[in-house]
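Asks: Just so you know, the sequences run in chain order C and P. For what it's worth, our numbering labels the leading residue of the first sequence as 4, then goes sequentially. For what it's worth, our numbering labels the leading residue of the second sequence as 336, then goes sequentially.
Everything labelled a hint here was simulated from the structure, so no lab data went into it. Owing to the predicted nature of the structure, the values given are computational and were not obtained by experimental measurement. Incorrect hints may have been included.
Said to hold, decoys possible - Over 12 Å on every C-beta distance to chain C, these chain P residues come out as not near it, computed from the model: (1) Val369; (2) Trp374; (3) Gly376; (4) Phe433; (5) Val442; (6) Phe452; (7) Pro454; (8) Ala485; (9) Ala514; (10) Pro531; (11) Cys592; (12) Ser610.
Unchecked claim - Now the stretches of chain C that chain P is said to cover, found in silico as 3 or more residues with beta-carbon under 8 Å: (13) 82–93; (14) 255–269; (15) 414–420.
Idealized CB from N, CA, C, for every residue including glycine.
The primary structure of each chain is shown beneath.
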Amino acid sequence: MSLSRRQVVAAIPAAAFAAGLPRGPAVAQDGRKVVTFWFGQANSDGQAALRNDLVEAFNASQDKYLLQLEVKGAAVNNLLKIALVAGNGPDIVQTAGPAYLTAIANAGQVLPLDDFAERYKWKERFLPALLNTSVYGGKLYALPRDYESMHLFYNKEVFSQNGWKLPTNRAEFEQVADAALAKGIIPFGAGNADWKGVNEWLMTVFFNNVAGPDNVRKALAGDMPWTAEPFVEAVDLSKAWFNKGYFGKNYFSLTIEQSFLQVVSGKAAMALSGTWSFGTKSYGMSKPDTVMDVAPVPGLGAAVTAPLVHLACGATLSIAKNSQNPEGAAAVFDFMLSRKFYESMNRDWPGKWALPVRDLPPDMLKGIGYPLFEKTIAGLHEAFGKGRYGFTTWTFWPGATNSYLIEGIEQVWLNRITTDAYLGRIQTLFSQEAKDGKVPPLPPRTA
Amino acid sequence: MWLFALPALLINVFIILIPAMLTFMAAFVIWDGVGTPVWAGLANFRHMFDDPVFWSALTNNFIWTAIFLTVPVCIALVMAAALLMAPRSRVVVQTIIFLPRILAVAVTGRIFQGMIFSPATGLVAWLNERGVSIADPLANPDLSLYAVAAVDIWHWWGFLAVVFLAAMRQISVDQIEAARLDGAGFFALLRYVLLPGIRPTLALMLILTVIWSFQVFEFIFIVTRGGPAYGSEVLATLAYRHAFFEGDVGQAAAVACVMSLFGLCATAAYLWLQSRDSSHST
Chain C
4 MSLSRRQVVA
14 AIPAAAFAAG
24 LPRGPAVAQD
34 GRKVVTFWFG
44 QANSDGQAAL
54 RNDLVEAFNA
64 SQDKYLLQLE
74 VKGAAVNNLL
84 KIALVAGNGP
94 DIVQTAGPAY
104 LTAIANAGQV
114 LPLDDFAERY
124 KWKERFLPAL
134 LNTSVYGGKL
144 YALPRDYESM
154 HLFYNKEVFS
164 QNGWKLPTNR
174 AEFEQVADAA
184 LAKGIIPFGA
194 GNADWKGVNE
204 WLMTVFFNNV
214 AGPDNVRKAL
224 AGDMPWTAEP
234 FVEAVDLSKA
244 WFNKGYFGKN
254 YFSLTIEQSF
264 LQVVSGKAAM
274 ALSGTWSFGT
284 KSYGMSKPDT
294 VMDVAPVPGL
304 GAAVTAPLVH
314 LACGATLSIA
324 KNSQNPEGAA
334 AVFDFMLSRK
344 FYESMNRDWP
354 GKWALPVRDL
364 PPDMLKGIGY
374 PLFEKTIAGL
384 HEAFGKGRYG
394 FTTWTFWPGA
404 TNSYLIEGIE
414 QVWLNRITTD
424 AYLGRIQTLF
434 SQEAKDGKVP
444 PLPPRTA
Chain P
336 MWLFALPALL
346 INVFIILIPA
356 MLTFMAAFVI
366 WDGVGTPVWA
376 GLANFRHMFD
386 DPVFWSALTN
396 NFIWTAIFLT
406 VPVCIALVMA
416 AALLMAPRSR
426 VVVQTIIFLP
436 RILAVAVTGR
446 IFQGMIFSPA
456 TGLVAWLNER
466 GVSIADPLAN
476 PDLSLYAVAA
486 VDIWHWWGFL
496 AVVFLAAMRQ
506 ISVDQIEAAR
516 LDGAGFFALL
526 RYVLLPGIRP
536 TLALMLILTV
546 IWSFQVFEFI
556 FIVTRGGPAY
566 GSEVLATLAY
576 RHAFFEGDVG
586 QAAAVACVMS
596 LFGLCATAAY
606 LWLQSRDSSH
616 ST
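The shape of chain C in the complex, shown without the other chains (with noise of 0.2 Å):
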């Protein structure tokens, strides 16, 4: 068949109304409505719990919906933004939490999924210091696929050979660090090399545990500037640990893999790290005869008496406003809340899809054979559902404030800049964007 020049003219502006056209749903071969995700980052371990503990377990569980998941890596937030203002996202939209969330919210780029909760009885099944992370406007946009907090992972040999204790207070973690400095070895294990976001996970500690939950809680709420008394001696205690060499020589050259296996290896004492740690198999945790241990953060300051947790969602699932199978979509949600996936994805890939649902205790991963990480989830099943929790800067900061802590605090460590000056444009670009309405919201103190 040949087209004459005029025909080929004319078909261009069909050609462009028809990629314009509204989409129906994709159907499979066997009839099935696809439902789509895209995932972010997973190593092997995870792509093959993504496979066979999500893809295959849901596709088998029903005969209606077929789900297709692809793996995008690690700029799968910028590829969701671009392609959700496109009309042309996944059915299921995962964000990396709460504060990548509220722009995608705000614009309705999602659908709220308020009549899904209420069918699926989502609102009272999950803990609501999480789902409340994902309201605006008093609607539901997404559910949270996990928590996560900062905690003090230690080499318990280490400790025992030495005849240290789990220090309980700043006096005594900074009494720890400086027998492991004077002994060679390196207190805390931390290396930015590969993830400039281990900064923020330091400074959350930082500010929690020095400047105490409660003033976090106000700044964040806009009652209290970030330039207040507290959290310079926060940044301060952060700057002083860093000059004394707590963090090692190599915090900018070293991987978080290889500074963390510096404390399995005993070469240093600790690490602050998060209970995403436990789902790297190369640090042994699982193994009955590790020689590792956890605990949560300490207090560092007068603020704060007893050990913190640190509320985080490490990632929210919603449906795309042009989703042409939101039904299909919250099926997928309600088969995670399975207690056969909860084990399921917990066992194969530990602290990535610990959901936070109040009746998939954490009672239930005994029987993954992983103890640290039972421990860790129930202390913060408990300490979430209680409300005694400080908040990350990932999950609650909104994004040109965060990107600036993350990348401010390098210019205070290595004295290129002030504690004063550092706080000061934290302030002012947190003043604006709380302006703009781009603070996550603030979950209830109390469950």
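Based on the hints, put chain P in the right spot on chain C.
Replies: The following block gives chain P in isolation, referenced to the frame of chain C:
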């Protein structure tokens, strides 16, 4: 006849002109990339000029440009001239020096980061174990830009040498032999015969170097992400940070406009040089 130009024209309009115009327009709005843009006038530019990180990034772009206008160009010129004089080893040496160019940027970046500079797994660690006290330059905000530049130079100079050699081979052999008979040594030959002979190619590569230096992104993003403490931040990584980490597309577009401005200046300079040369030759 215009139909022959149409495909290229359409590609340029849709892939370059329209996105460029949209980026320019985005510099005048406040936009998080997903919501509704709000007109902001010159606010993005005011914020940009008030931001000390912008000025340090701009300075780093100038330093980067100065490095790439000199170091790889000098190495490449000397190597190209040497290869011109030694035709027997030309094929093997060209292949070897061109090899880094065909490696993916991410691979090259990771090789240098993990196998050279790393104090845990790299050459730096090996030297430290043998008593040579040396620190990872990527961890020092005063050195990190130069360390990344070294990686990019390793990746780039071989390509330049091959381009210069191709240009030198167009110079008349008689001219080169006459200079040799007159007693010109290697550097005199390079200075008085080869360099004038490849002047148009050299000018083009220098102009392109200026344009590329203001667009540099991959190596810095892969190796240091602009750090530590903004030590290796350049305009492209700053724009990326604004757009994708801070959700401030307007601010990112303002930075991109500055990058384009320098590219435009370099292009204008090249066009002026070309028109001057053609008017001289007529």
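Asks: Each of the hints needs a verdict: does it hold here or not?
Replies: Now the hints, each set against the structure:
With a closest Cβ-Cβ approach of about 4 Å to chain C, Val369 (chain P) is found to fall inside the 12 Å limit, against its non-interface label. In this structure Trp374 (chain P) is separated from chain C by more than 12 Å, as the shortest Cβ-Cβ distance comes to about 15 Å. The beta carbon of Gly376 (chain P) is kept farther than 12 Å from every beta carbon of chain C, the shortest such distance being approximately 16 Å. Against the 12 Å criterion, Phe433 (chain P) stays outside the reach of chain C, whose nearest CB is about 30 Å from its own CB.
Residue placement check: Val442 (chain P) keeps its beta carbon more than 12 Å from all beta carbons of chain C (closest about 15 Å). Here Phe452 (chain P) does not stay apart from chain C, with its beta-carbon only about 7 Å from theirs, under the 12 Å limit. Pro454 (chain P), annotated as away from the interface, has a beta carbon of chain C within 12 Å; the closest lies near 5 Å. Non-interface call for Ala485 (chain P) relative to chain C: holds, since the shortest CB-CB distance, roughly 16 Å, exceeds 12 Å.
No beta-carbon of chain C is positioned within 12 Å of the beta-carbon of Ala514 (chain P); the least distance is around 50 Å. No beta-carbon of chain C comes within 12 Å of the beta-carbon of Pro531 (chain P); the shortest separation is about 46 Å. In this structure Cys592 (chain P) is separated from chain C by more than 12 Å, as the shortest Cβ-Cβ distance comes to about 19 Å. For Ser610 (chain P), the condition that its CB be more than 12 Å from all CB atoms of chain C holds, with the nearest at approximately 37 Å.
Counting residues of the segment 82–93 of chain C whose CB lies closer than 8 Å to any CB of chain P gives 4, which reaches the minimum of 3, so the coverage claim holds. Evaluation of the coverage hint for the segment 255–269 of chain C: fulfilled, as 4 residues show C-beta separations to chain P shorter than 8 Å, against a requirement of three. Taking a C-beta to C-beta cut-off of 8 Å, the segment 414–420 of chain C contributes 4 residues in contact with chain P, enough for the three needed, and the coverage statement holds.
Comparing the model with each earlier hint shows violations of hints 1, 6, 7; every other hint is respected.
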